[in-house]
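Q: Chains as they are written, first to last, in the numbering used here: chain A, 33 to 404; chain B, 29 to 309; chain C, 34 to 186.
If you are wondering where the hints come from, they were derived from the structure by calculation, not from laboratory data. Mixed in with the good hints there might be a few duds.
Said to hold, decoys possible - Calculated cross-link-like contacts (lysine to aspartate or glutamate; reagent style EDC-like; alpha-carbon spacing at most 16 Å):
hint, chain 1, residue 1, chain 2, residue 2
1, B, Lys-202, B, Glu-169
2, A, Lys-300, A, Asp-325
3, B, Lys-305, A, Asp-270
4, A, Lys-300, A, Glu-311
5, B, Lys-202, B, Glu-162
6, B, Lys-305, A, Asp-272
If you're wondering where the values come from, they're calculated on a predicted model, not measured in any experiment.
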Amino acid sequence: MDSMIRRLRAQGRMVIGPTVRDGVITHDQIVGVSDLPQGWTEEQEGGSYRLQQTGTDELFAFSAPSQSWKQFVFPPRSVIIRGRREASGIQIEEPPVDTQSVAFFGVRSCDLAALDILDRVFLDPEATDQHFARRRADVFVVAAACASPGNTCFCVSMDTGPSPTSGFDLSVSELMIDGTCSYLVTPGSERGAALLELIDTRPATDRELGIAQAQHDTAVDSMGRSLDASHPPLASLDPDHPQWADVAQRCLACGNCTMVCPTCFCSKTEDRTSLDGLETERSRVWDSCFTLDFTAMHGTSTRTSTASRYRQWLLHKLVTWEEQFGSSGCVGCGRCIAWCPVGIDLTAEIAALAQTQSHTQTETRPQKEQKA
Amino acid sequence: MSGLAVASERGPMTPVMYRVRDRFDELADTVTFTLEPEAEMVGAAAPGQFMMLWAFGVGEVPISVASIGGDGTLVHTIRAVGAVTEALCALRPGDQIGVRGPYGSSWPVSAALGENVLVVAGGLGLAPVFPIIEQVLADRENFDQCTVLVGARNPDLLIYRARLDELAADNRIKVEVIVDAAGPSWTGQVGLITKLIANAQIAAERTHAFLCGPEPMMRFGAMGIEDLGVARDRIWLSLERNMHCAIMQCGHCQLGPLFICRDGPVVCWPAVDDLLKIPER
Amino acid sequence: MSTIGGLLADYPPLSELGGDVLEAMAEHAQLVTFESGERVLRTGEPADTFYVMRHGRVAIEVPSNKGGSIVIETLEPGEVLGISWMLPPYRVTFDARCIDACGAIAIDAAAVRDACNADPVLGYALYRHLGGVVRDRLQATRVQLLDLYASHV
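With these hints in hand, go ahead and build the complete structure from the sequences.
A: Following this line, the structure appears as structure tokens:
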């Protein structure tokens, strides 16, 4: 693993990978294996994230780190244009595209699916985000199969994991065999295969392949949560369903979920000027549909209640996204559950919406029949 | 002007600079601007489409194209309701303004060829539908009846008065204006625009309807037009939502599954009827 | 059908009432004309006549605290002017003034009320129809109350 990282850096790539910082596993620049969260795992639950030690040498014993890879392809703040008032008129310039070459090291299958989902938003041929396009074309992706899914994981329900199947240059499975870690690496592209040539490897044995498969199967069976794929029930489209009022009482509309979600892409524009008004900068900044201003028009907002905003987020993520982009917006990483300060669990919300609907139907029908 | 190239080779969020050629103060807070391109121009707009107009240092807003000139000039009618529109409404001839576009779906006017056109406009909604009237007049013999119904709060708040007077005198189209309330000097009709719809003498089965105005007005208007017997899929509305990008990447303009910047602003009535009924408090 | 009955039948909304009802109304009707600016109805007076407009436009108005009046609705040919006659206390609620020179069919409200009391079938048909007129105006008024143009386009 260390030589892989060093090879990538030797290619001029900044390698970004999981690392322990501030009591969480996050994604940051790494220079070698020593930066990886060796011996660490995560205990995640609704509204809770704790690091725990495994007592082993495993590098990838965690599941979904606090950050996704979103910020490296879609920065929280980026300049769109700069403008200057000159004698001849207003001059506009676009900021140069960042040419720093990058590698993502240790991308989970759910996060890979998320990158593919973001591609559909930002690589739209009618309006391609050039910075996003350049970064995505350049990035060398080393994926990592997930062997220890967490309590909040449900990638199996969303058909996005636990093992990467495409969208990577190399995919790594960490195998614990007889107390030692070895790494099964699969190339997913030509440049992935080329890098593999430069590293010390040997062909995998059948036993090792079997262990990798067994790890995958165990992971599939250890998902902490599940989401009924036949969602949404019709009731979830009913704005008066009591579940909306119920979740609205708990939801703080803080937007944490939208920030940690690997697919949330909403943004706003901000204009700033110099004090003399001669120079300006337009930036794109992350935004959240949970803010009151999100739907502001003519001085008022369309979605003023928390209930309507939660409903917008949930239905967009799981329902209307499909109509818009051809896939679900959710990859089952569970970050929104762990990072919600009050532990709202969208899998539980969907289950509640489904259950109450069938309940209501049974109640109303007999009454009508009696009257007839 | 005709020698100008359509702007290319620029990011999707980068505006093209235009200059204000003239401004006309329709109302105390509403201005109609004629903009002309300088070095480059944006692509030609179809009726119903909008541009993102940028006020240097303040921000952008989506504004429908109110008139489509052949020489690349753009006409936009803007009401000052916030920081950006106030900044835009303060522009004088010679000032520069950023333009991005055209964006969005357009009014399906050619679907009405050989048949009747019914235009219903409330308040500032007269601006986005005006290109429909222009298109029909430019090709008059290929359309049957053309009826334009205009509503406003009171006579002092009507926009395009000179244009409306011209159209009223033009016997190629029927124009009716109604206001919610008026003083005795108004000799026109008073009441809700839905009243004009109910009294409209049109052959419903051959009519295509286009509405623009406050959302409740469009909803009641569409229902009234349905009651006349016009087919639902021939009724079109122009919707408005908060927009930051106009390219389906900021997420603000969503109405259910629709992005109003791409699937709108012109939408077919059956596609939004249920969505607009939800009181998103 | 009498001349006035025929005239009443000319207006699509009224024609649905059927010949008998229209004849009953026509029995107590006559043709009238008004000059431009002439007041047809005055607030507070007994509601003993209602009208079906034939030509010209009528303004329904309320006095304004800024002097003059505010026109709240105008009626077109074919529309019924006056609904206060239908129910007690039979008092006119708003002023009505002819904007143009107008022609109308004036109908004796008291006589029509008596005829409705004597013949419930006639009464039901007429009040049902006029109930629809009242409903439409109420709906329009409610939407008008939204002051749709205020903070929007």
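Q: Decide, hint by hint, whether the structure agrees.
A: Consistency of the hints with the structure:
Among the hinted pairs, Lys-202(B) with Glu-169(B) is consistent with the structure: their alpha-carbon atoms are about 15 Å apart, no more than 16 Å. Distance restraint check for Lys-300(A) and Asp-325(A): the Cα-Cα separation of roughly 10 Å lies within the 16 Å cut-off, and the hinted pair is therefore satisfied. Under the criterion of a C-alpha separation no larger than 16 Å, the hint pairing Lys-305(B) with Asp-270(A) is consistent with the structure, at around 11 Å. The straight-line distance between the Cα atoms of Lys-300(A) and Glu-311(A) is roughly 20 Å, outside the 16 Å bound, and the hint therefore fails.
At most 16 Å may separate the alpha-carbon atoms for a hinted pair to count; Lys-202(B) and Glu-162(B) meet this at roughly 14 Å. With a C-alpha separation of about 12 Å, the suggested pairing of Lys-305(B) with Asp-272(A) holds against the 16 Å cut-off.
The structure is inconsistent with hint 4 alone, although it conforms to all the rest.
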